[in-house]
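Student: Listed here are the chains, written in short residue letters.
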Amino acid sequence: MHDFELVKPASVAEAVAALGAEGAQALSGGQTLLPSMKQRLAAPERLVSLGDIAEMKGVCLGDRGLAVGGATPHAVVAREAKAHYPALAWLAGEIGDPSVRARGTIGGSLANNDPAACYPAAALGSGATIVTDRREIAADAFFQGLFTTALEEGEIITSVHFPIPEKAAYMKFAQPASRFALVGVFVAKFADGVRVAITGAGEDGVFRWTEAEAALGADFRPEAVEGLALSAGGMLGDMHGAPAYRANLVKVLTRRAVAAA
Amino acid sequence: MPKDGGIGASTLRREDIRFLTGKGRYTADINLRGQAFACFLRSEVAHGRIRSIDTSAAEEMPGVLAVMTGEDFTEVGGNPTGWLVQSRDGATMKEPKRPVLAHGKVRHVGDAYALVVAETYEQAKDACEAIEADIEELPAIVDMAAAVADTTNRVHDECDDNVVFDWGWIEENRAAVDAAFETAPHVTTLELVNNRLSPNAMEPRASIGDFDSGTGDYKLYTTSQNPHLTRLLISAFVMGIPENKLTVIAPDVGGGFGSKIYHYGEEAAVLAASKRLDRPVKWVCDRSEAFLSDAHGRDHVTKIQLATDMEGNFLAVRTETLANMGAYLSNFATCTPTFLHGTLMAGPYKTPHVYVNVKAVMTNTVPVDAYRGAGRPEATYSLERVIDKAADELGIDPWEIRRKNFIDPDQFPYTTPVGLVYDTGNYHATMDKLRELSDVAGFEARATESAAKGKLRGFGLSTWIEACGIAPSNLVGVLGCRVGLYDAATIRVNATGNISVLVGAHSHGQGHETVFAQLIAEKLGVDAKSVEIVHGDTSKIPFGMGTYGSRSLAVCGSAMMKAADKIIDKGKKIAAHMLEAAEGDIEFNDGSFSVAGTDRQKSFAEIAFSAYVPHNYPLETLEPGLEETAFYDPANFTYPAGAYGCEVEVDPETGGVDIVRFTCADDFGNVINPMIVAGQVHGGVAQGIGQALLEGVVYNEDGQLLTGSYMDYAMPRADDVPNFTVDHSCVTPCTHNPLGAKGCGEAGAIGTPPAVVNAVIDALHRAGHRHITHIDMPLTPSRVWTAMHG
Ligand SMILES: Cc1cc2nc3c(=O)[nH]c(=O)nc-3n(C[C@H](O)[C@H](O)[C@H](O)COP(=O)(O)OP(=O)(O)OC[C@H]3O[C@@H](n4cnc5c(N)ncnc54)[C@H](O)[C@@H]3O)c2cc1C
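Chains as they are written, first to last, in the UniProt record's numbering: chain A, 1 to 261; chain B, 1 to 790.
Read the hints as simulated data drawn from the structure, not as lab findings. Quick caveat: nothing in here was measured; it's all calculated off a predicted structure.
As a list, the in silico EDC-like pairs of lysine to aspartate or glutamate whose alpha-carbon atoms are at most 20 angstroms apart:
#, chain 1, residue 1, chain 2, residue 2
1, B, K125, A, E45
2, B, K97, B, E158
3, A, K38, B, D286
4, A, K251, B, D651
5, A, K38, B, E289
6, B, K453, A, E223
7, A, K251, B, E653
Chain A side only, calculated, beta carbon under 8 angstroms to chain B, not exhaustive:
#, residue
8, F173
9, S178
10, M239
11, H240
12, G241
13, A242
14, Y245
15, N248
16, L249
Yeah, the Cβ is synthetic: ideal placement off N, Cα and C, and Gly gets one too.
Given only the sequences and the hints, what does the whole structure look like? Please build it.
Tutor: Following this line, the structure appears as C-alpha cells:
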C-alpha cells in the first residue's frame, strides 16, 4: 500500500470539501477499496472517511419508503430493515461474512457497482432513489455499466430511499469462490407493477428483465416466467459459468424469488 | 480403557493452547535486531527472454540496501530434483536447471527474477516497481498436449521435447498387460483430468536469513516441513554452506500439505542477501505471491482402461498419464506421478496385470509437486472412477464388483504387479463397516425425501489404499531417490526424571507434541506431562527427514520406540546394580524397574537420578547419563486402507451439489490418539471435497493465472462440508514397525474425490441421465448443469 493522508470529516459538507482536493477518494467500509490499495491497484493520496458522519448512518421509515444512510453497514441494514423490508434485510445479511457486513456499506457497494454485487439488484429492483450531496438519481439512471455509475467526481451517496413493495424476495446463487452473486435476482411486486433486477449475469452489470416484469405483472406466479426465453447473448461468461448457464440461473432464480416473495 | 495420556487416549492437543491464544511463534513473528526486508520481483509473463534488467533507479530509492538478480547467483548451484526417474528406454531423465532467481528466461507468471532488500517492506516493494526489465515475451506453453506436440517451443532448452521422462511401470510387464487386454471380454475406458490444486496453507511461506559475520554461521528461519532436508539441499547443492555452519529452524508452521517440503529459491536468496549486507533479511510471502509461487499439486491428464470378464473380475489395468511438472522441477516433482502413483495402481485389488505409463511434461506454469496424498489420490481417483464405470457397463453393483476383486485377508503378504508388497490388510472389513455405517437400507427413503424437494440423491463408493511411512531407503535408492528416508529421535532423560524427546519429524498442525508424548508416556510409564517434544531446529535435533507422506508416526514414532528400548536397556543395567540383582532378572513395567518375583524395585525417576548422580552406579562398565538416539529405517511401506461413502443431493435446475452424508471406514493400524486421527480424517475429507467440488487452478492460454486469489479459487468452507462419520475400528496392525501404526494424514484427501464424483454420477444416472459417464473435477454447479443440459 502506498502512503496516503486520512481525513475524517464529521459532516457531509466537510466531506465534500475534503474530496475536492487532487487525488482524494471517499472511504466507506473499505471492503473494496482497501484490498485494491493493498494490491497497489489503487493509490489515492487522500482518503476521506465517511465513517464518522452521523447524518449518513442508520435506517428509518419515512413517507418515501425506507431510507438507508449511505454509510450504513450491511449488518445494520440486515438487523434494522427486517421489520420494514424483509427482502432488503435478507439481502444485506447474505453479503460476504460477518466482518464484511460489519464494515461494508450500502453507499460503497452502490458507488462501486460491481457486476456481481447484491445491493445494485435491490436498488434497481425496488426502483430506489439514490440521494447524493447534490441531487437525487433514480436507480434506473444510476447504474451505467461495469463499475460505472452516474456519480460525478467527488459526489457522495448520502442515503438511498427504497419504496416498499407489497411482496419481494432476493435469490442469490453464490459464485463458489468469492460468494458474490454468480447470479442474483431481486423481484418486487408493487401495486402498479413488478420489477425484476438481475445482478451477476449481465455483461453491462445489473439490469431489469423486462419480459419477466411484464409476465409477472399480469400473473405473479412462478409459472409465469416458464415460457420466457432468455437469451445467453449479453450474459457474462467466465470459469464459474458460461453465458447459457447464467441465463438458466436467471430464470430458475426468478421463479424461486417469485415463489418466496 | 487406555491410560490417561497414554496410547489410545484422546488426549487434548497441548499445542492448541498456544495456537488458540495467539502465542504461537511463526516465522513471520520472529523479528531479529537490525533486520531488513526483502521483496521479490516476479514475472508478469508466462514465458520470456530476459534481455536486460536495469536496477539503477531501484538502487537509488529510499531505504534500498541491495538489489539482486539472477546474475548474482550464477556461481551458486541450482535447486536439484530429489529423485532421478528413468525412462522406459532406460535413459535417465532430463534435469533442467532451477536457479535461485530466474536467469536468462522467465518461465512462469510469478517466477522471481529480482530481489530488493530495504529498510522496510514498503520501501522494498516500491523499489521493485522501479526495476526496469526488458523481457521479450515468448509464446506460453500451457497445455500439456501442446507442449508434447510442439517441440520447437521449449520451456528449457535442455529438455528438447518438453518431456522430462517417459516412464513405464513395470516396463517388462507391458506386453503381458497388452495381451490381457486383447483377449479380455470387456474393456472399460475413461479419460479424466486430476485437477491442479493450490495448497493454500493458512500460513504463507516466510524466511529469514541471518548470517553472523563474527562466526561465519548462517541461520535460516523458514516455513518448512523438514528443516534437515532444507539444510541438506542448501548445503550440498545450492549454496555449498557446510552443514555445520548452517542452522535451519522451522518454528511453528501453519500447515504445509506438501508445499513446505521443498526448498525454494527465496530461502537461498535471503541467506545470500544477509551475507552480503551483514544483516538479517526477512521475507514474508503474501497470499497473491503464494498462489504464484507455492508448489501446486496434482494436474494429471489420464486415460485409464480396465479389462474384465463379464462377471466383473478384473483382468488388467492400463493407464497413460501426462503429469504436469510446471516450469521447473520441484524437489519431489518426479517421484509423485511415478513411485507414489504408478505403484498404487493395483489398489486393494488382485488385478493380475497392471501397467502404468507416465510422461512428465514441462509447461510455463507454477511448479507442481507432492500435495496431501501425492500421487496416491491420482491413482485412487482413476481406479475408483473406472471401476464404477465398468460396474455400470456390466450391470454389477458397485459394492459387489469391488468385493469380488479385493485381495482377501488370507492372501497377505501380497505382492502386487506394480512392485509393492502389502504386509497386511482387510478390505472386506472396512467395506462392511462402511456399509453398516452408511445405512444403505435407508437410502431409498432418503432419495424419496430428496425427490420431494426437487433434488436428485446419489450414493458414491470408493475404496483407497496408500503406501505411506516412506520409505525403505535401500529400495528408494534403487528407484532413483537421492536421499535416505529413515527418521531419527533422541530421548534425553534429564536428571530429575523429566524427558526431552528430540524428533526429526516436524509438526505443522498434526499434533505431534501431544501424540509423541503419549507414546513415550506409555512406553516409559511416565506422566505425559513430563515429556517435552522438541522439533524443527537442526541445531537441536540429531537428524530427520521431516513430515510428509503420513510418515511421522510410522517412521519417527518407530525411531522413538527404538530409542526408548535403549533407555530401558540401560535403565535395567543401572537397576540391576542398585538392586544387586542380575540384569536378566530385572523387569520393566509401567515406569518401574523391579527384580522378577520380588517387590524390590526402583522407579524410573530414581534410575534417571542415579544416571546423572552416579554415586551408586556401575561406573566401570557403564557411562553415566541417560540419553539415547535411534535411527529407524522402515522395512517396508505401511498400507493403510479404507472405504468411503458419499451421499449427495444434486439440484437439477442449478447443477449445485450438496454433500449430505459422508462416511469413512479406515484401517490405520494401531491408533495412538483417536481424536487426532479423526481430526486428520476430517481435514483430509474437507480437502478431498475441495478437490472434487470446488478447487481448481485455471490458467488462460497466455499462461496467466486466472485463479490468483480467493475471489476465483474456491477453498472449502465449513458449510461446504457435512458432518462426517469417521470410523477406524477395523485394525490390522502394521507387521513391521514396533507400533503397528500405518499413518492417517492423507487418507481423507485420497479416498474422498472418487466417492464424491461417483455419488454425483450415480445421482444423475438415477434421474435418467445415463449418457453422463464422467464429469471432470471440480464438479462446479455450472459443469454439472452443463453435463445435464449442455
Ligand atoms: C470477502 C468479501 C465478500 C464480499 N461479498 C459480497 C457479496 O456477497 N455481495 C456484495 O454485494 N458485496 C460483497 N462484498 C463487497 C462489500 O459489500 C463491500 O462492502 C462493498 O463492495 C463496498 O462497500 P464499502 O463500504 O466497503 O466501500 P469502500 O471499499 O470503502 O469503497 C468502495 C468504492 O466506493 C466509493 N464510495 C464509498 N462510499 C461512497 C459513498 N457513500 N458515496 C460515493 N462513493 C463512495 C469509494 O471511494 C470506493 O471507490 C464483499 C467484500 C468482501 C471483502
